[in-house]
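> The residues making up each chain are set out below.
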Amino acid sequence: MAVIPPGSIAMTSRTFGTPPTRREFLARSSAVVAGLALTPYQRLFAVPLRSRQPIDSFAPPVLDAEALRQLARTAIDAAVHAGAEFADVRVSDRREYFPQFNGRLAFEFGCGVRVRVAGREAFAGSADSTPDGITRAAQSAVSMARALAAVSTPGLPLAPAPVVTGEWTAPIDIDPFTVAPDDHMFVGSGYTTLGRRHGADVTGGFFWRNETRVFASSEGSLITQHWTRCMPYFSAEFRHWRLYGIPTWLHIPAFMPCTGGFETVLGAERHDQFEAAVDEMAELAKYPVGLAEVGRKDVVLDGNALGALLGGTLIPSLSLGRVLGEEQNAGGTSFLSPPETVLGQTLFSPQLTLRVAQGMPYDGAMRWDDEGVATTPLTLVDRGAVVNYLGTRATLPVLATLPGRSKGATASPGTAFSPEVWTLPSSSPATFVAQANASGPSLAELVKTVKNGFVMRDAWIEGDQQGAGGALHPYMMFEVQNGKITRRVIQARIEFATKKMLHSIDGVGNARSVAPGYGYAGGGLPFSTYSYTVCAPAVLLKELNIVSNHVSVA
Amino acid sequence: MTSVNQSRMDATMRHTERHAERHAERHAERQANAFLRARSTEAPGARRVFTRDEAIALADTVLKLSSQPLNAMHIEHRILTIVRITRNNTVACVESDQLRLGFPLRIGSDIAMNVDTNVRDIEALRRVVRHAEMRATPPLRPEDQEVLIDPTDPPKPRKYLPVSLWHENTQRAMAVMNGDAIARIMKPMQGQSLSCAATVVLMTRATLHRYVTGTTAWGEDTDSEITVSARALDGKASGWAGEAHRDWALMHPERIVTVAIDMANRNRGAVRVEPGRYTTILGPSAVGALVAKMGELFNGNAYGPFSLAEKTDGHVTKLGQRVFDPRITMLTDPSDPEGGEFPFFEDGFPSGKATWVEHGILRQLGYYPSQALAAGKVPLKPPQAIRIMGGSSSIPDMIAKCERGIYVNRLSGVEMIDQRSGAMSGTTRDGCFLIKNGKIATPVTNFRFYQSPFLSFNRLIDLGESERVAFGFSPPDPQYGPRDPWEHWPQAPIIVPPMMVEDFNFTALTDAV
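In the order they appear, the protein sequences are chains G and C. Here the numbering used here is used: the first residue of the first sequence is 1, the next is one more, and so on. Here the numbering used here is used: the first residue of the second sequence is 1001, the next is one more, and so on.
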């Protein structure tokens, strides 16, 4: 790869000087792995932050695991002493590092205490890391629960869970907080520089989160977990595609959120995957552009687009809290209700199987969930039939009370999670997997089967409050005629009803077509956002409704 | 006095002064730690977020922690109480005490790193600040330098609009857990053949931007909201109502529940009606959902309906041109007792009152401080809190004059699809009715719409009296992902009238109820 002279390409990101060649990139990566002293590179970066010292040397964790355990015990003791018949607590010490744009370093403590008094539930969250502070949170939760006795009826008992003590650390090779900010920037800019070969302005980087989380309960559980998460985000803008004054962005799928260390962003394979993704996008950027012909057409969705679809409709709808009306006045309800008419019924294509992924290396990997229940593999949709909901110890018992005795289990499968520990745990694991077809076609082969239709590369979804339908907006969409891409189309979207759309899956791609899509939903207490990564294969869908987005301004 | 004695005296005095300084510093740090930690002995109803003096004392202590002086600090302390009622009689209660301390570490004149933390211990903060080893890097090439305003060295003294956004009624209501209000909300729910849910949210907040030069931007506010939804037990009808007030004493809990239940009952037996363009009466909540998405379009550097040309051709706006119906005036006034907001940007730069649109003519656009410097303009925050001046009509009046149209109670999932035209999409929700010959004829199933308010506000038939609208939970942006947890609630005040417009575009039916 040739070195690009400074100043020869317009740059918007603040990484300047001589970009690293592939050799330099790999050599530097190796140096990081080996822990060798690094050669100075005074002129590589002009952003005025940097240090050659590891982040840990100037930003260590504030509280260690034993201090967190002690705080957790303090909270449980305070709650029980104040009169709680049940209490559980989550305490967390977290660091985040975001190298780009001056570098953002955040460190946070959080705690959340849930209590039950005479069957009424209350929760207090706080950022006060002192024993007094956590005691106060526990006492506050108990007094709130007591106050509710005058105005509410008792809730159902929590679903049973075994008492657990233990510790788990996500297995990683290189803790990113033992790496110097200079090396973080070097690696990030190495990737962004790749895009400039084709006139693309690539922005992005890696966001790191390092957390120790302790769970304790009045039942006797005490669990400590340590994990490191990587959240990459890259997008490429091709300036010669600027249409109507709006630049065109495309996400680069070479990376996905994961539980892992700095090793996940290093090495020749990563570098080459990224380069291949940019090359592919640059080729796609060369197609002519026009408006889409509306109507009912066959559409191939790549893994990103299918993941976004599932993450924005089906997955939130599988939350038992929504199904039972807990989120009626917040995140919404669910089209997959009532449970007695849904569980076990084949509602979607038999080619759709969806499961929760809570093990390494997926984002959200944990050994126990935020209610102290061991995480287990859980299939939600099996060959088109809904077989499980996402529930917590608080919501699952309701299933057993419904008319006709619901077929779902009431023991928690370990899918409760609090995005922030000062929020009540809800059924929101981070990562899901839609099963690929081991002997299926690639994305390109699926496209070849389309006579008159489209292929959608990555999308975002505009859903409704029940997940019953919505509109799928492409980041890039191409017209396909007789198996070949002819042009890029704009100002179009797919309007759909979820059940019907997922029933119309006519072909599923193989493992190589799998890519991450992202969906978002909200709810919980206090209001929270849940983000879902869905690793999904490419699929062919028949006769979808293509609608124009074009509107003229008066 | 001999020179030796003089030297000794000088040294003694210097030692004494240093000792006094260290003593004062330790005292200030102990005080700061006391402010950071929860106050466990305050009486019920007492204030728990920082006062101005406490916040300034804390900020001044932190600003002195580094051997390389910190120039600026931001403190935000927010306490939320949320009561959630579900299935008519199940109540859960949450309290959240959130603190954010933010400051840039600087080396020379460059910002080295931005630190965000909620750690409540001075020693921990000192460790981060003092142990950082940063080095200055070569200067940027001239063509790569951005023109930035340095907010830590303001050239002139700053003036802030006086605002009054704090209400003791709201503070007190948090402490007593609204026991009375909860009972008043739940009572009308009993015995209904509906599943009712409600959310009661109260907040107190204090925010401070403090610079080492002494410049200070301070704000404190309270806010509250009640939203209620009611759904038929067969899941085929729903209704919703809500109120939002900074002063809890203005809330009408029973009325909110009654309206939601009434809407749900009226919505039973909804029929499907062909989508298309209809004369539409948008209730205040529906108008508010559209207006809440328009704020950033008033950014003077945005490419949207207020721009005439692209950046490469020279950014030209429609300032001075008529962009809406002459009956529409939109403004932001931080000192508005109901619709006000903090009179400064997120970095503490002052921002004042703005009349964005006056009788339909575009009068002002917003510019962030760095944009303003580049354009030679006064910084003005693009609107978050917005008031649209109302008219004299009412929803019954609008219905009476409508031959055939749709009444929409609320919109949901509203997203900007095309920034250039301002086109938005979403669905109707919790009450949608067909109007015929001046009367509500029948409830109808929900629609998906695709419409630009920039068209609708030019197809205005009538508008009613303005009121602040409630939003409830704001879902995450489907394009850009999770919002900062601090952004979920409260929504900045949006005060708008109901509007009757022509040709509102309903593109499809939706199965969602």
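A few of these clues could be false.
These stretches of chain G come out as covered by chain C in the derived footprint (C-beta under 8 Å, 3 or more residues) [unchecked claim]:
id: 1; stretch: 107-119
id: 2; stretch: 127-138
id: 3; stretch: 143-153
id: 4; stretch: 456-464
Interface residues of chain C toward chain G, partial, derived using beta-carbon atoms under 7 Å [as the list claims (entries may be wrong)]:
id: 5; residue: Leu1080
id: 6; residue: Asn1088
id: 7; residue: Asn1089
id: 8; residue: Ala1092
id: 9; residue: Asn1114
id: 10; residue: Thr1117
id: 11; residue: Ser1229
id: 12; residue: Asp1247
id: 13; residue: Ile1417
id: 14; residue: Leu1509
These aren't lab readings, by the way, just hints derived from the structure by calculation. Values in this document were obtained by computation on a predicted structure and should not be read as measured data. Yeah, the Cβ is synthetic: ideal placement off N, Cα and C, and Gly gets one too.
> Indicate, hint by hint, whether the structure satisfies it.
Status of the hints after comparison with the structure:
{"no.": "1", "hint": "107-119", "in the structure": "holds (count 4)"}
{"no.": "2", "hint": "127-138", "in the structure": "holds (count 9)"}
{"no.": "3", "hint": "143-153", "in the structure": "holds (count 8)"}
{"no.": "4", "hint": "456-464", "in the structure": "holds (count 5)"}
{"no.": "5", "hint": "Leu1080", "in the structure": "holds (6 Å)"}
{"no.": "6", "hint": "Asn1088", "in the structure": "violated (9 Å)"}
{"no.": "7", "hint": "Asn1089", "in the structure": "holds (5 Å)"}
{"no.": "8", "hint": "Ala1092", "in the structure": "holds (5 Å)"}
{"no.": "9", "hint": "Asn1114", "in the structure": "holds (5 Å)"}
{"no.": "10", "hint": "Thr1117", "in the structure": "holds (5 Å)"}
{"no.": "11", "hint": "Ser1229", "in the structure": "holds (4 Å)"}
{"no.": "12", "hint": "Asp1247", "in the structure": "violated (22 Å)"}
{"no.": "13", "hint": "Ile1417", "in the structure": "holds (6 Å)"}
{"no.": "14", "hint": "Leu1509", "in the structure": "violated (9 Å)"}
The structure fails to meet hints 6, 12 and 14 from the earlier list, while all remaining hints are met.
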